[in-house]
Amino acid sequence: MKKLLSAILLINLIVVTSCSDDETGGSTPGFDRKAMLEDLAGNVILPAYDTLNKEVIALDEALNAFITSPDLSSLAASRNAFEQAYHAWQRASFWEFGPAFDVLLMSSVNSFPADYISINSNISSGTYDFNTLSGQDEKGFPAVGYLLYGIADTDQGIVDMFTTDADAANRKDYLKAVAADMRSRVSEVATAWSASGGDYRSVFINSDGTDVGSSVGLMVNELNKFVEREARDAKIGIPLGKRSQGIPIPGEVEAGYSNLSISLASENLEALYNFYMGIGVEGDKISFYDYLTTINAQYNGGLLSDAIKQQFESAMKEVGEIPTPYQETVESNPTPADEAYTELQKLVVLLKADMPSALGVLITYQDNDGD
Amino acid sequence: MRDLIYKPISIAPLVVFRVLFGFIMFVSVMRFMLNGWVDSQYVMPRFFFSYYGFEWIKPLGETGIYVIFIVMAIAALCVMAGAFYRISATVFFLAFTYVELIDKTNYLNHYYFVSLVSLVMIFLPAHRHFSLDVWRKPALYVREVPYWCVLIIQLQLALVYFYAGVAKLNYDWLMEALPLRMWLPPNAHVPVVGFLFEEVWVAYFFSWFGAVYDLSIPFLLFYKRTRPYAYVAVIAFHILTWLLFPIGMFPFIMILATTIFFSPDFHQGLIKKITVVLQRLRVYRDVAPQKYVASAASRWVVGFFACFLLVQVILPWRFTLYPGKLFWTEQGYRFSWRVMLMEKAGYVIFHIKDPETGRQWEAYAHEYLTPMQEKQMSTQPDMILQYAHFLEQEYIKQGIRDPEVRAEAYVTLNGSGSRLFIDPEVDLTKEQDGFGHKKWILSYKN
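From first to last, the protein sequence lines are chains A and B.
Under the working numbering, residues 1 to 371 are what the first sequence spells out, in order.
Under the working numbering, residues 1 to 446 are what the second sequence spells out, in order.
Derived from the structure by calculation, the hints contain no laboratory data.
Ideal placement from N, C-alpha and C gives every residue a C-beta, glycine not left out.
It cannot be assumed that every hint is accurate.
Said to hold, decoys possible - 25 angstroms max Cα-Cα, derived DSS-like pairs, lysine-lysine:
#1 B/Lys353 <-> A/Lys346
#2 B/Lys353 <-> B/Lys430
#3 A/Lys346 <-> B/Lys7
Claimed, not checked - Label pairs and their calculated CB-CB ranges:
#4 B/Leu240 <-> A/Glu61: 57 to 67 angstroms
#5 A/Thr294 <-> B/Glu62: 40 to 50 angstroms
#6 A/Pro334 <-> B/His389: 25 to 35 angstroms
#7 A/Asn64 <-> B/His389: 54 to 64 angstroms
#8 A/Thr364 <-> B/Gly61: 18 to 28 angstroms
#9 B/Pro355 <-> A/Glu328: 27 to 37 angstroms
#10 B/His389 <-> A/Asn131: 40 to 50 angstroms
#11 A/Thr364 <-> B/Phe335: 19 to 29 angstroms
#12 B/Arg299 <-> A/Thr364: 44 to 54 angstroms
What the hints assert, rightly or not - Chain B is faced by these chain A residues, among others (derived, beta-carbon under 10 angstroms):
#13 Ser202
#14 Val203
#15 Glu228
#16 Gly241
#17 Lys242
#18 Gln245
#19 Ala307
#20 Lys309
#21 Glu343
#22 Lys346
#23 Leu359
#24 Gly360
Work out the full structure, taking the sequences as your base and the hints as a guide.
As C-alpha cells, then:
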C-alpha cells in the first residue's frame with residue numbers, strides 16, 4: 001500500500017509540473033456545435049465577407065472613375081457604390097476575431113465620426129500614414145462619406161473641390177489612398193476566411209469547444225461587446241447624450257454627412273438578428289437560436305432563445321422608427337431614439353448576461369471557482 | 001484530549017507537507033506570472049475593489065507588484081527547502097495575503113485556503129528536519145513534535161471539505177442538479193466518457209456524489225483503514241474537477257496537501273529514500289537529533305489555533321443573520337468554502353443624475369473595469385455599491401457637486417433568466433457599505 005501511495009504521489013507531482021490549461025473541442029450528441037459552425041461559416045459569415053469584398057471593390061472602382069473625371073454623374077455613381085458598400089459592411093462588422101482582428105478591420109474601416117480636421121490637413125500636406133492607431137478616424141467609410149458629401153454645400157461644390165480647388169489633386173490622391181486601404185484590408189479578411197486563401201474557415205469549424213478561445217466563445221463575447229458598444233452606444237446612445245451628461249452630440253452620429261445613420265443601424269441590427277437566427281444565403285439554418293432552444297435555456301418561465309428573438313424584433317422595430325436624419329433627431333425629437341435605446345439596452349442584458357451563462361461561455365482564461 | 005494534542009509524533013508528515021506546500025506554491029506563483037495575470041489583474045485595472053475594512057490595502061504599481069510576486073516565489077522556494085524558515089513562511093504569508101486583499105474580484109476559496117495555511121505554517125516547527133536550516137544549524141534537528149503541529153493542518157483540511165459539503169446541501173444543488181446540469185454538457189468533448197455529461201442523471205449523480213464526498217472525506221482520511229481508498233477518491237475527484245472546470249491549481253493543492261493524513265511511517269520512508277539520493281550526491285549532512293522542547297510560547301500557539309479554528313467553524317454560518325436568499329444577495333457568502341456552487345451572471349446600467357441641472361445619463365462598467373472585474377461586480381451588491389461610489393467621485397472631479405448614482409442591475413441565477421437585482425430607485429451615493437443587511441437588494445422571486 002505504501003508503494004502504491006508513493007507511486008500515486010509521484011504521478012501527481014508529474015501531472016502538476018506538466019499541467020496546462022489547453023482546452024480541446026468536440027461535438028456533443030445533444031447539440032452538434034460543429035454543424036452550427038459549418039452552417040454559420042457557409043451560410044452567413046463567408047457570404048457576408050464575399051459581398052462586402054465585392055462591394056468594396058465596386059466602391060474602389062467607382063471612386064477611381066470619379067477621380068479620373070470628377071463630375072456630377074461620377075459623383076452620383078460613387079455615392080451609390082458608397083451606400084451599397086457601407087450597408088454590406090453593416091452585415092459583416094461583428095466578427096472582430098481571427099482575420100478581422102488581425103487587420104483591425106472594424107476600427108480601420110469604420111471609426112466614426114471622421115476627423116475632418118485631420119483629413120483636411122492630411123490633404124493639404126499630402127503626407128499621412130494609414131497604419132497608425134491615431135489615424136483610424138481619418139480613413140475608411142467615414143472619410144469617404146465626408147469627402148463625397150461633406151466638403152461643400154452643393155453637389156457641384158463638391159465636384160469643384162476635386163477639380164478647381166487648390167488642393168484638388170491632393171484630395172484626389174487622398175480619396176484614392178483611402179479607397180485602396182479599405183479594399184486591401186477587406187480583401188485580406190475575405191481571402192483569409194476562404195478555403196482557397198488562408199482557410200480560417202477550417203480553423204473556425206474545428207475550434208468547436210466552448211472555452212474562451214473557441215469559435216462559440218469568440219462569437220458570443222464579440223456579439224455582446226458589439227451590441228453593447230456599437231449597436232447601442234456608438235450608433236444610437238452616444239449621439240443621444242447617454243454618455244455625455246445628457247447633452248446630445250449630433251456630430252457623433254455614424255454617416256452624418258450622407259444621412260444614412262438610421263438606415264445603417266437598421267441594416268446592422270437585422271444582420272445581427274439573421275446571424276443569431278442563422279438566416280443566410282441558403283435560408284434558415286442552425287445558429288445560436290437553435291443552440292439555446294436545444295439546451296432548453298430558460299428565461300423567467302419561457303425559452304431564452306425566444307426571449308432574445310423577440311427582443312431583437314422589438315429593437316429592430318424601434319430603431320427603424322427613429323426619424324432621420326439622426327443628427328437632427330437627437331436634439332429636436334429624442335423620444336423615439338430613447339425608446340430604441342431602451343430596447344437595445346434590454347437586448348444587451350440578454351446577450352451579455354443570460355446567453356453566455358446559459359452556454360457556459362467564460363470571458364477570460366482566469367481561474368474561477370464558481371462565482 | 002490534552003494528552004492527545006501534546007503526544008509526540010514523528011516530524012516527518014509535517015516536513016513532507018512543508019516541502020509539498022512550498023513546491024506547489026512556487027508552481028502556482030510562477031504559473032500566475034507566466035500567464036500574464038499579474039499584469040491583467042494588478043497592473044491594468046484603474047480601480048480595485050478593496051475588502052470592507054481593508055481599504056488601506058493599496059496596489060503598488062507595476063514594479064512593486066512584480067517585486068512582491070518574485071519575493072513570493074523565492075519565499076515559497078525557501079519554505080520548501082526549509083531555509084530561514086520562520087522568516088520565509090512569514091514573508092510568504094504576508095505577500096500572498098497582501099495580493100489577495102488588493103481586489104475582491106479575484107477572490108477564490110483556494111486563495112483564502114492558502115492564506116490560512118501559510119499563516120498556520122509560520123507557527124509550526126516544520127523546518128526542524130530535512131531542511132537547509134538544519135544543515136546550517138544541526139541543533140535544530142528534532143525527530144518528534146507534539147501532535148498538534150500536524151493536527152492543525154489536518155483539521156484545517158477537514159474543515160474545508162466538510163463545509164464545502166455542507167454548502168452543497170441546498171435545494172438547487174440536490175434537487176435540481178444545478179448548476180452542474182448547466183456546466184456539464186459543454187464538457188462533452190472529454191474523451192471516452194464525454195457523452196455522459198449530456199445526461200441529466202449524470203448531473204444528479206455528480207451533485208450527490210460531490211456532497212457525500214465532501215462531507216465524508218475528512219473522516220475517511222482520518223481513519224487508517226479507509227485512508228488509502230479515501231486518497232484514491234481524493235485524486236479521482238480533484239482530477240475530474242480539473243478536467244471539467246477552469247479551477248486552476250486548487251485540485252493539485254488539495255491532492256498534495258491531503259498527504260498530511262498519511263501515517264508517519266509513510267512520510268519517514270519517503271524522506272529516507274530522498275536522503276539516500278542526497279547522500280549519493282554528497283549534499284547531505286548527517287546530524288544527531290535533539291529532543292523537542294516546547295517553548296513557553298507554544299501554549300499560546302495552541303490557544304491561537306483553537307480560536308483560529310473556532311472562527312472558521314462559525315464564520316460560514318453568518319449568512320443566517322441576513323434575510324433573503326444567500327445565493328442571490330451574497331451577504332455572508334465569501335470565506336465559507338462555497339466552491340462551484342452557482343452559475344450567476346449579470347449586467348449593470350448606472351444611471352447618473354445631476355440634481356442641479358436635472359440632466360440624466362448613463363455609465364457602464366467597461367469604461368473603468370476589466371472584463372473580469374465587470375463580470376464579478378455585476379452580480380455582487382457590495383461591489384456594485386463600491387463602483388457607484390467610485391463613479392460619484394469621478395463625477396465630483398468633473399465638477400458635478402452632488403451626483404446621484406442609481407443601479408439598474410439584472411442578474412440571472414442558475415440559468416433562471418435575468419431579473420432586476422438592485423432597487424433602481426435608490427441613490428447609491430447615500431448608501432454605505434457595512435456588515436448590516438443591504439435593504440436595496442431586491443428579493444429573489446421565482
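Consistency of the hints with the structure:
1. B/Lys353 <-> A/Lys346: 21 angstroms, holds
2. B/Lys353 <-> B/Lys430: At roughly 13 angstroms apart (the allowed maximum being 25 angstroms), B/Lys430 and B/Lys353 satisfy the hint.
3. A/Lys346 <-> B/Lys7: Distance ~65 angstroms between A/Lys346 and B/Lys7 Cα, so the pair is violated.
4. B/Leu240 <-> A/Glu61: 57 to 67 angstroms: 60 angstroms, holds
5. A/Thr294 <-> B/Glu62: 40 to 50 angstroms: 46 angstroms, holds
6. A/Pro334 <-> B/His389: 25 to 35 angstroms: Since the Cβ atoms of A/Pro334 and B/His389 sit about 30 angstroms apart, the hinted range of 25 to 35 angstroms holds.
7. A/Asn64 <-> B/His389: 54 to 64 angstroms: 56 angstroms, holds
8. A/Thr364 <-> B/Gly61: 18 to 28 angstroms: 22 angstroms, holds
9. B/Pro355 <-> A/Glu328: 27 to 37 angstroms: 29 angstroms, holds
10. B/His389 <-> A/Asn131: 40 to 50 angstroms: 42 angstroms, holds
11. A/Thr364 <-> B/Phe335: 19 to 29 angstroms: 23 angstroms, holds
12. B/Arg299 <-> A/Thr364: 44 to 54 angstroms: Distance hint for B/Arg299, A/Thr364 holds at roughly 47 angstroms.
13. Ser202: Violated: closest Cβ of chain B sits about 18 angstroms from A/Ser202, beyond 10 angstroms.
14. Val203: At 17 angstroms from the nearest chain B Cβ, A/Val203 fails the 10 angstroms test, so the hint is violated.
15. Glu228: 8 angstroms, holds
16. Gly241: Since the shortest Cβ distance to chain B is 6 angstroms, the answer is holds.
17. Lys242: 5 angstroms, holds
18. Gln245: 5 angstroms, holds
19. Ala307: 7 angstroms, holds
20. Lys309: Given a least distance of 14 angstroms, the restraint on A/Lys309 is violated.
21. Glu343: 13 angstroms, violated
22. Lys346: 9 angstroms, holds
23. Leu359: 7 angstroms, holds
24. Gly360: Holds, about 4 angstroms.
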